[in-house]
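Model the full structure from these sequences, guided by the hints.
Protein chains in written order, with our numbering: chain A, 8 to 329; chain B, 8 to 329; chain C, 159 to 500; chain D, 159 to 500.
Because the hints were derived from the structure by calculation, they are not lab data. Check each hint, because a few of them may be wrong.
In silico lysine to any residue, SDA-like type, Cα no more than 20 Å apart, as pairs [as the list claims (entries may be wrong)]:
#1 B/LYS288 / A/GLU326
#2 C/LYS324 / A/TYR55
#3 B/LYS288 / A/GLY291
#4 A/LYS290 / B/GLY291
#5 A/LYS53 / A/VAL31
#6 D/LYS364 / C/ILE186
#7 C/LYS324 / A/ALA61
#8 A/LYS288 / B/GLU326
#9 A/LYS290 / B/SER316
#10 A/LYS290 / A/GLU326
#11 B/LYS165 / D/ALA497
#12 D/LYS364 / C/ALA361
Chain A residues, not near chain C, derived (Cβ > 10 Å throughout) [claimed, not checked]:
#13 GLY71
#14 ASN102
#15 GLY113
#16 ASP300
#17 GLU326
Think of the CB as a built atom: it goes at the ideal place given N, C-alpha and C, for glycine as much as any other residue.
Now for the letters of each chain:
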Amino acid sequence: MRQLAYHEAKLEALRELMEEDDRVYLIGGTFFSLSPHRLGFAAVEKAYPDRVAAPPISELGFCGLATGAAMAGLRPVVDLTTGSFLFEAWPQVCNEAANVLYMSGGQVRAPVVFHMLHGLRGGGAAQHSASPQAMLWNCPGLEIVLPSSPRDVKGLLKSAVASENPTVFIDHSGLFDTEGPVPEADHVPLGQADVKRAGADVTLIGTSLALHRALGVAEVLAREGIDVEVVDPRTLVPFDLDTVMASVEKTGRVVVVDETHQSCGVAAEIAARIVETGFDKLKGPIRRVATLDVPVPYSQPLEEHIGPSEGRITAAIRESIG
Amino acid sequence: MRQLAYHEAKLEALRELMEEDDRVYLIGGTFFSLSPHRLGFAAVEKAYPDRVAAPPISELGFCGLATGAAMAGLRPVVDLTTGSFLFEAWPQVCNEAANVLYMSGGQVRAPVVFHMLHGLRGGGAAQHSASPQAMLWNCPGLEIVLPSSPRDVKGLLKSAVASENPTVFIDHSGLFDTEGPVPEADHVPLGQADVKRAGADVTLIGTSLALHRALGVAEVLAREGIDVEVVDPRTLVPFDLDTVMASVEKTGRVVVVDETHQSCGVAAEIAARIVETGFDKLKGPIRRVATLDVPVPYSQPLEEHIGPSEGRITAAIRESIG
Amino acid sequence: MIPALPKTQLLAQCRKMLLVRHFEEALIGLHHEGRFRGHYHVYIGQEATGVPAISLLQPDDLLFSTHRNHGHILARGGDPGRLLAEILGRRDGYNRGKGGSFHTSPRELGFLQCSGVVGGILPLGTGAAYAAKSRASGQIAVCLFGDGALEEGAVPEAFNLASLWKLPVLYLCENNGKYGAGNAVGAMQSSTMAVYPLTDLPAAYKIPAVQVDGTDAAAVHEALNESIEAIRSGGGPRFIETLSVRWPGSETNWPVVKAPTAVDLAWDVSGIPEDVRAWYRDSDPVLRFMRELVESGQADKAELETLNRSVLDQINAAVDFAFDSPYPELSEAETDVFAENR
Amino acid sequence: MIPALPKTQLLAQCRKMLLVRHFEEALIGLHHEGRFRGHYHVYIGQEATGVPAISLLQPDDLLFSTHRNHGHILARGGDPGRLLAEILGRRDGYNRGKGGSFHTSPRELGFLQCSGVVGGILPLGTGAAYAAKSRASGQIAVCLFGDGALEEGAVPEAFNLASLWKLPVLYLCENNGKYGAGNAVGAMQSSTMAVYPLTDLPAAYKIPAVQVDGTDAAAVHEALNESIEAIRSGGGPRFIETLSVRWPGSETNWPVVKAPTAVDLAWDVSGIPEDVRAWYRDSDPVLRFMRELVESGQADKAELETLNRSVLDQINAAVDFAFDSPYPELSEAETDVFAENR
Ligand SMILES: Cc1ncc(C[n+]2csc(CCOP(=O)(O)OP(=O)(O)O)c2C)c(N)n1
Ligand SMILES: Cc1ncc(C[n+]2csc(CCOP(=O)(O)OP(=O)(O)O)c2C)c(N)n1
Ligand SMILES: [Mg+2]
Ligand SMILES: [Mg+2]
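Next up, the structure:
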């Protein structure tokens with residue numbers, strides 16, 4: 008199977024979306040933030056000058072605009088660049104887009120996609136490093152997508168745009184240069200977790216960039232005979248609890264690795280669901296490796312310290328298998 | 008001890024704050040929303056015309072203004088009326104106020120209080136019923152206060168204003184007419200949970216209005232010989248895990264009752280912490296009774312159906328003691 | 159003045175104004191009787207804005223409104239029974255009871271969102287205009303909102319986008335604060351808005367903006383006509399501010415009807431309680447419209463009485479319909495969170 | 159032109175302008191050498207705005223800036239060593255390494271927040287002015303921000319509050335987009351802002367607003383002087399837009415120095431690469447200031463050379479200081495989340 012870099016697969020998805028569906032409009036950003044891969048996006052912009060718009064610095068305004076355009080028949084994909092800037096658009100995303108289908112009693116759909124990069128990015132400091140997916144998971148009505156591989160980013164971006172619902176599509180700049188197989192004709196539905204590594208001793212659940220750290224640790228521990236299963240939910244909403252629970256039933260031990268802040272973070276919810284559903288299967292506590300509950304520091308060693316590092320993942324696994 | 012209604016105790020706190028500290032300024036709202044108790048606030052407004060301001064409908068602007076005023080030496084208390092409107096101010100609260108102490112390396116404090124009502128209020132529908140405390144718990148740097156009794160609202164409001172940090176103070180209109188003892192000179196610190204009912208069989212953790220539902224159910228079940236301990240954390244940040252764990256160690260059974268939406272909600276975080284800290288003490292899964300993961304419906308029976316009702320609490324306790 | 163239209167159309171507009179008025183008065187009564195809960199806002203005093211304005215739109219135009227939406231829905235031809243059923247949270251409401259007063263939003267009439275977030279619809283409506291322009295559909299989007307919306311930052315952001323991208327959107331700002339609470343006496347300066355006149359704000363964004371008397375149906379008709387034409391011919395966004403005097407029944411947060419509307423009040427307000435009489439005499443757009451219809455010879459009082467009675471009958475039937483409608487099944491609480499993906 | 163000030167003050171301003179310029183050039187060099195990571199923005203081309211403007215403030219005035227804050231901090235008397243240490247994330251940085259370039263914010267110099275959220279400081283600065291007015295402290299608040307900020311809804315909301323409540327705040331908008339990227343050729347109209355001139359927006363909120371040439375120190379001095387006086391005497395907020403031409407070294411997101419600043423460039427730009435030469439000749443405020451100092455007889459070239467060398471020495475010392483500073487202890491990551499409550 009052909010191998011692509013994550014950024015190539017993502018760009019391919021954007022290109023195909025533009026080609027296949029003339030309701031798709033791209034609003035804002037470069038979809039690759041300040042990375043050099045933004046030049047790839049420039050070509051898309053050039054090919055579809057009427058369907059790619061560079062808005063003012065008005066996240067609230069243009070996320071609302073995209074939502075309204077979706078209600079009226081388009082399939083807009085908005086790039087907010089950094090997840091932190093989604094905060095600017097919070098009322099339009101969480102109080103308009105998320106609610107319209109329900110409060111209209113099913114009459115009006117808003118199939119808009121909000122795209123952004125999340126997390127610790129190397130010097131982003133407190134105001135440019137948000138991982139908004141946990142807050143968003145507390146807001147019913149939004150689908151939440153977190154790709155981690157070239158195949159997933161392409162397949163999930165296409166599914167997100169095809170979806171009838173408002174979808175938050177969350178990337179990580181640390182993934183752009185990851186390589187992996189991408190089948191030519193492929194479909195990755197929302198709501199299907201992926202076992203990225205099979206194992207028998209402990210279940211490691213992770214998303215986005217943190218998933219790669221988890222995989223790295225799994226390889227290292229394999230040499231010691233610790234056999235880690237790594238599960239990537241891929242989407243938080245819808246959430247594929249069955250695949251997660253199948254793994255938990257097998258291992259009885261769980262570590263959740265995630266880059267949102269710990270309190271009320273993604274790891275909290277996954278832990279709570281597993282406890283509710285499979286308490287009897289657990290051989291010990293579920294351990295969370297999340298970002299510490301502090302604003303994100305600028306200084307490099309501090310930033311590295313607060314994130315879900317390989318050191319902390321390794322320690323959690325060791326504690327878990329006792 | 009003298010008995011006061013919740014609304015009286017709250018008003019007394021506002022009055023004393025204004026009297027005792029001339030850095031306290033009140034901005035926006037009535038602190039009692041549309042309830043008749045807002046007339047009580049009108050008297051405070053009249054007594055301190057220069058220290059009570061009625062801002063434009065600009066939540067982002069006036070929450071930022073209050074934060075800046077706090078940085079410059081005032082102790083502003085902002086009333087956003089409904090928690091849903093905090094979304095409008097999200098970037099100022101979560102990306103400015105919450106971060107300034109940390110990102111300034113400890114140089115600048117923002118001792119502002121953001122006050123609002125949360126939750127299902129009877130016909131608030133999807134856009135006026137938010138319980139933002141779960142999202143906020145995912146944002147480090149904010150203290151989160153959730154009073155449930157006349158004594159607590161007075162003591163905690165005074166502690167919130169005395170605090171050196173940005174504090175979100177979250178009320179529920181369903182509490183206004185609750186009665187209870189309020190000592191004349193009293194101090195309720197942030198970060199101290201309160202066992203609102205002692206019991207031996209199961210630990211019920213709840214906040215705000217949901218706590219009262221929990222207490223009601225506890226009384227009913229007591230007649231059947233089921234002895235429920237009801238713990239009110241009173242503040243989420245700081246969180247008093249010790250008091251919670253002392254109860255869990257005693258009972259081994261936990262139900263968390265909470266009005267935030269279930270996914271990544273307050274109950275998820277409390278459950279995750281208990282599992283991390285006291286897995287061995289648990290006799291069974293932790294059960295969550297939270298608001299269903301749907302936007303809030305307007306229609307009365309539907310709204311009642313999605314909340315943490317007494318029926319659902321009762322069922323969870325019964326399952327828990329199995 | 160009354161618009162220069164054939165009599166049938168004028169009577170149709172009069173009928174709609176009376177429908178709005180009686181609907182709201184009935185609603186207030188039902189609330190005082192404790193027959194429904196929840197907050198609501200009435201359109202009384204703004205009938206001569208919504209009715210002529212909405213009559214000028216095409217069937218496929220896209221509408222956005224706010225918490226003060228009942229009048230817009232009825233003006234657009236909405237069924238008072240289904241509107242009331244929604245306000246009661248019943249199954250036959252336009253939103254199956256899930257939206258309620260603030261959010262009743264009949265898609266079949268072109269309503270895409272009635273938002274309770276002040277200012278929230280301006281970005282949305284601007285987006286609908288973006289879709290219309292992108293697809294060259296010929297539609298326009300219309301945002302119907304109050305003067306308070308201009309205090310929210312979402313609104314200038316929307317103005318900027320609409321102006322830069324020349325989007326086919328009409329911003330109709332119903333300023334119901336003329337001489338109202340919170341305003342300095344004798345001036346129109348609001349205590350919460352430094353921009354005055356309000357049209358200065360869209361004008362700064364190069365959006366042509368005019369003020370008109372929102373109780374004068376002819377003035378509204380003319381201003382709207384001109385703006386809609388300009389928008390449809392590709393001229394980009396327009397802003398109209400309509401001025402009306404806040405109905406004294408809404409001075410508190412829970413409205414009170416001190417003088418039920420009747421045809422003969424248009425000529426004799428002496429029976430109205432003194433504290434609110436001036437409003438009915440000088441500022442009531444429905445009474446004014448009826449007066450002008452008669453003065454201009456387009457109708458006589460008897461015709462209006464007949465019309466009025468038929469509206470009252472319609473309201474009575476609507477009330478019966480709405481209360482006969484059951485509450486939704488509890489399972490409805492968990493549907494419509496997500497639309498099914500194909 | 160140069161401000162009408164004694165020579166010592168003029169030379170002090172010249173020194174600060176050179177300090178800003180050489181600091182930024184050194185910073186760009188360090189970044190290209192890979193000696194620090196993270197995004198940053200330089201103040202090159204705006205020195206004749208920040209330096210004279212900030213010189214007019216009182217020591218206890220309250221300042222708010224953005225991602226483009228280095229020049230403001232140095233103009234206010236900040237230590238380049240501690241500024242650089244912060245940009246490197248070191249312990250001796252103003253924020254102990256926790257803030258970085260965007261957020262360096264010396265409280266001792268009156269800085270309360272440098273926000274990376276475009277438009278974010280306008281509500282904050284307006285609030286500091288609210289505190290100053292409430293406590294009759296005599297302070298004013300100053301918000302230093304870019305033209306892009308006006309596209310954020312937070313900004314009109316802040317304007318409204320400041321105007322309604324007559325708050326002592328100066329909004330200094332540094333429009334560095336004159337003829338810059340994203341703007342229509344030959345016009346000042348930005349492709350992302352319909353309001354033009356930008357002063358129309360504060361003016362709509364009844365805030366007196368003027369435009370000045372931000373590369374002309376005398377013009378900046380005069381406009382600031384007048385506005386600050388008006389604000390201090392209770393006149394409410396003021397808005398000043400300063401115009402400068404974007405430095406060509408910042409055309410990409412990662413700046414490049416094609417021509418290191420030197421005194422003699424003020425008179426001879428022939429050695430500068432052709433593609434950027436025009437900027438140094440026509441739009442460089444530092445070269446212009448030096449030229450005008452000499453032309454007006456306030457200094458000769460030799461004095462400027464001496465000054466320039468001493469600034470370069472200071473920068474070198476600052477670089478050494480900053481790199482000698484260690485990273486913070488890891489435990490620092492968990493302090494300053496909350497201040498201790500008493
Ligand atoms: C974002 C937000 N803030 C506050 C409110 C509370 N609120 C409801 S109606 C209203 C006044 C709106 O005034 P205006 O826009 O003039 O509309 P009117 O009610 O006068 O028609 C306010 C402040 C709200 N609904 N949304
Ligand atoms: C809310 C928000 N949206 C987007 C950005 C990304 N961003 C950083 S600087 C910038 C341009 C700002 O332009 P301007 O205000 O004119 O300042 P300049 O950089 O020109 O000095 C943008 C869009 C941001 N920092 N904050
Ligand atoms: Mg109004
Ligand atoms: Mg700029």
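Quick rundown of the hints versus the structure:
{"no.": "1", "hint": "B/LYS288 / A/GLU326", "in the structure": "holds (18 Å)"}
{"no.": "2", "hint": "C/LYS324 / A/TYR55", "in the structure": "holds (19 Å)"}
{"no.": "3", "hint": "B/LYS288 / A/GLY291", "in the structure": "holds (11 Å)"}
{"no.": "4", "hint": "A/LYS290 / B/GLY291", "in the structure": "holds (13 Å)"}
{"no.": "5", "hint": "A/LYS53 / A/VAL31", "in the structure": "holds (15 Å)"}
{"no.": "6", "hint": "D/LYS364 / C/ILE186", "in the structure": "violated (40 Å)"}
{"no.": "7", "hint": "C/LYS324 / A/ALA61", "in the structure": "holds (14 Å)"}
{"no.": "8", "hint": "A/LYS288 / B/GLU326", "in the structure": "holds (18 Å)"}
{"no.": "9", "hint": "A/LYS290 / B/SER316", "in the structure": "violated (33 Å)"}
{"no.": "10", "hint": "A/LYS290 / A/GLU326", "in the structure": "holds (12 Å)"}
{"no.": "11", "hint": "B/LYS165 / D/ALA497", "in the structure": "holds (17 Å)"}
{"no.": "12", "hint": "D/LYS364 / C/ALA361", "in the structure": "holds (14 Å)"}
{"no.": "13", "hint": "GLY71", "in the structure": "violated (2 Å)"}
{"no.": "14", "hint": "ASN102", "in the structure": "violated (5 Å)"}
{"no.": "15", "hint": "GLY113", "in the structure": "violated (4 Å)"}
{"no.": "16", "hint": "ASP300", "in the structure": "holds (30 Å)"}
{"no.": "17", "hint": "GLU326", "in the structure": "holds (38 Å)"}
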